[in-house]
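**Student:** These are the residues of each chain, in order.
Protein chains: 4
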Amino acid sequence: MIKGLTRDGLGNLKNLETHIILAAKNDIDVVDTDGNALRELIEAKGIEGAKQFLQENQVQIGAIQFPVDWRNSDDAFYNDLPDLLEDAKIAKAFGCKIFNTFFMPSTDQDPLQHLMKLTNRIKICAQMIKGYGCNIALEFVGPYHMRKLFKNEFIWDLPTTLEWIDMIGEPNVGVLLDSIHWYTSGGKIEDITAIDPAKIAYVHINDGPELPRKEILDNGRLYPGEGIIDLVGFLKALKDVGYAGVVSQEVLTEKEPVESSEILAERSGQAMAEVFVKAGLQ
Amino acid sequence: MIKGLTRDGLGNLKNLETHIILAAKNDIDVVDTDGNALRELIEAKGIEGAKQFLQENQVQIGAIQFPVDWRNSDDAFYNDLPDLLEDAKIAKAFGCKIFNTFFMPSTDQDPLQHLMKLTNRIKICAQMIKGYGCNIALEFVGPYHMRKLFKNEFIWDLPTTLEWIDMIGEPNVGVLLDSIHWYTSGGKIEDITAIDPAKIAYVHINDGPELPRKEILDNGRLYPGEGIIDLVGFLKALKDVGYAGVVSQEVLTEKEPVESSEILAERSGQAMAEVFVKAGLQ
Amino acid sequence: MIKGLTRDGLGNLKNLETHIILAAKNDIDVVDTDGNALRELIEAKGIEGAKQFLQENQVQIGAIQFPVDWRNSDDAFYNDLPDLLEDAKIAKAFGCKIFNTFFMPSTDQDPLQHLMKLTNRIKICAQMIKGYGCNIALEFVGPYHMRKLFKNEFIWDLPTTLEWIDMIGEPNVGVLLDSIHWYTSGGKIEDITAIDPAKIAYVHINDGPELPRKEILDNGRLYPGEGIIDLVGFLKALKDVGYAGVVSQEVLTEKEPVESSEILAERSGQAMAEVFVKAGLQ
Amino acid sequence: MIKGLTRDGLGNLKNLETHIILAAKNDIDVVDTDGNALRELIEAKGIEGAKQFLQENQVQIGAIQFPVDWRNSDDAFYNDLPDLLEDAKIAKAFGCKIFNTFFMPSTDQDPLQHLMKLTNRIKICAQMIKGYGCNIALEFVGPYHMRKLFKNEFIWDLPTTLEWIDMIGEPNVGVLLDSIHWYTSGGKIEDITAIDPAKIAYVHINDGPELPRKEILDNGRLYPGEGIIDLVGFLKALKDVGYAGVVSQEVLTEKEPVESSEILAERSGQAMAEVFVKAGLQ
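For the record, the sequence lines run as chains A, B, C and D.
Under numbering that gives the first Met the number 0, read the first sequence as residues 0 to 281, first letter to last.
Under numbering that gives the first Met the number 0, read the second sequence as residues 0 to 281, first letter to last.
Under numbering that gives the first Met the number 0, read the third sequence as residues 0 to 281, first letter to last.
Under numbering that gives the first Met the number 0, read the fourth sequence as residues 0 to 281, first letter to last.
Keep in mind that a hint or two might mislead.
All copies of an identical chain are treated as equivalent in the list; a pair is satisfied when it fits inside any one copy or across any two copies.
[What the hints assert, rightly or not] Here are the simulated DSBU-like cross-link-like pairs (lysine-lysine), alpha carbons at most 30 Å apart as the crow flies: (1) Lys213 <-> Lys277; (2) Lys91 <-> Lys198; (3) Lys91 <-> Lys187; (4) Lys122 <-> Lys198; (5) Lys24 <-> Lys88.
Hints were generated in silico from the structure; no laboratory data involved.
So that you can see chain A by itself, here it is in the shape it has in the complex (with noise of 0.2 Å):
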């Protein structure tokens, strides 16, 4: 597997160049980031010269932000779709083959009709990138004050993501797996190994602190290993199933830590070092 570093628990990170830094610092493979950033560091850089940065980073573009609000009007999603075009030109340049999306496990909508609309949105899109290489990794949110936050619930578990998956029928559609939201899902290891690998296409990690289930926030979360979550169990179910992709840590905190960047950096490699070896993953 493939170590990754979202920008989610480095602190105040200045931009995609120190990012690449404290992940090739850290022994980190990928980094996680958006078209804008990618576009910065062209602008400082040159196509070549950014290439050439992560090259002798040995760093690798791992997921871009999906550029698209597909989950609310059509008018926002419609306006949004030349941004798709390129972004999707931009990752295609640098090798990278993942956007990273998530929907909200609760709706205002009409459930069924949310559900329609969002797999049409989401099918577009697919299809508009597919002939740059890429991939959507789409990725359930289940902590329980998420699913109550609109007035309908949504799809929040592993196992109906995959059905959605399955519903959409766009082979470059599959599942981001993240460890706070399979565990505050209620997720199972069993849920994890029986899955095809092939519908895996991305995977987040990070901890929970020791609280009821339903008490863990989304933006509650704690550095791989400092919490409760069986990520050992997560990782080795990703190995046995054959996922060989990216595991991306992605730390949401309520307010952003105090450290610098440089601290949470090697606090994360460590983190996510420990937890691979511990996975039998290095």
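Based on the hints, put chains B, C and D in the right spot on chain A.
**Tutor:** Same frame as chain A, now just chains B, C and D:
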């Protein structure tokens, strides 16, 4: 538009042969039946004899009942798929292009999972019969008491059914629009005139008693023109939108009518003729 | 059926405003144009003014030229996709549901790879414009010299185009049936009466000179009724099959006609009126 | 990677029971068979007995032969579809997820129409078996004499097969990569390392004699390591790309080998073991 007769409203109909003769006598163009009745007719007359009999009576097969239990278990569904192939072969032999089926407006299942399951199954069936030139006409069920029959509401009106058909995305799946379901679901003339006629696979016609909309029962239907539904407006809207297919009478009643099929067929023919004339269709 | 006018056959047409006025004067219901002409009209009159102008003239926008170069390189294709979104927005604003495009009947590419590439691209575009209520009308090109223009023959007749549309599998992709392509590809009346009308997205009408079929040139077309194509049979077959959409005149000529647009539009209107009357359409 | 054995290369194999025993004895993990052989095993041992027998031998069912004649007439195709449902049920019962099938590299049909027909059929089958968790592994056939067997060339190499699978667009359709087809079609290591491993459904391994590429015959195969194909490079490339599925020996020969199945299985097991070791797989 083409006039059709289902078996519902014709009392204790002996067999398909009688069905065809009664249609012919009462100026009806097509009959709706099922694979078994067609097989029985073929046994009696041979395939060529059956076709000739239809031709002599100037009656065609309008639609065949979908032979697949697609609304319950996976086992039931897959067990029925060979029957679909059999019936599609027969449909093709008779030049019939439509399979009719309905879905319940409520379910004991989780509605989102129900939607995903049903979508997958309809896609499979649509693909399987495509090569035979066959289409699936999906009928939503409007009466209020049916929406409350099971724990959770599912899809029960025209606009949402069309959204579903759009998501299913198979060119040979359209809506079966039934006047009583349209009326009881609160349908408006504008809902019909907004449809792309290519999405209307079939039409059922029948009337409803003078009761509040929510009290009309699924099996409390009347012959066209005997009730309070604006069937003239209904047909005119279909004409305006360019629909040129079948409009088939289907009168479900709690108790089977006591009159003979001959009398009921005459009553049906007259009812259909009158409402067609009033709508300017003939 | 609805009478339409493309720009081909109207000589040096000043702009869309003139196009609309000439259509109105000559009893034509719709005009076929492109996104740029519509934008120019909007600049001149505002969006509401443009709509009002159409309404006053009782003319509608029948079809818009597909703004995507989908027959060449991947780069060209992807660069044009944002334009498709722009034009779909405009199409929707004007209630226009059709994008017209053609494909060449020969290619220098490997035909199998060409088919796969073009299929993928049309699917992407069909998905992108579906939410705007728009359809793609795919026009095959029949003239013999065009089949020999490039190294390998591709698709050039109605039955194979329909097979392709079937394989594309998008409900909003249909055939654009042009009388000269039908004639030069050896089309028969029975090829038309065999079509499901839902698969016909648009119709072009024009005539061909008294030459052997293989010698008729793509840009050697005549006004309807001035040549040897059985346009009355063509239109009757479309009527029989239930087609109720647009039949739009498109007269491509090697040299631009010397007459004024006014005279050419009158000639077009008369030609269209005559052939419609002969086919029993009005 | 997982070691597999087809029946080709094992001589006059008595039945599936023997197939399983010989696999077990020679350190092979899975056997490739067909629905009939599985039914025979079930008749002999009962379904639970059959599963237990496999478990005791620590052998699994790797792939089942696709029971559908999908390359010829519509009738043949549709007649076989019920068999596919039967075999998918059996596959699921044994935890087997792969149906193997090949397509000829030449055809007497028009290649474009052939491609469209085959695409439609594979889509139908892929949809039908999806609910059983089954996938289709599509095998291209490389030898030059096979490309010339019929009038027109069809698809016969890896990159074009992948384009086709992409166009088919069903997540449960992938490529069956066979070393002799890869070699004779002019395949390079880079063609393998360029693949998304999720697109590789199955792998066949065998060797070819020291002949010019164009002279190697489809039924002139050798056991792995006995010929000139760079099988170590082949397997290393598969490993590099992340393929973790089955590599199954398939040695088609003009005449059935004279040795006993026991001796041939031993020879196969040794050949597989050696090439796996050389590729660093064990």
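**Student:** Quick one: which hint numbers does this structure break? Sort them smallest to largest.
**Tutor:** none
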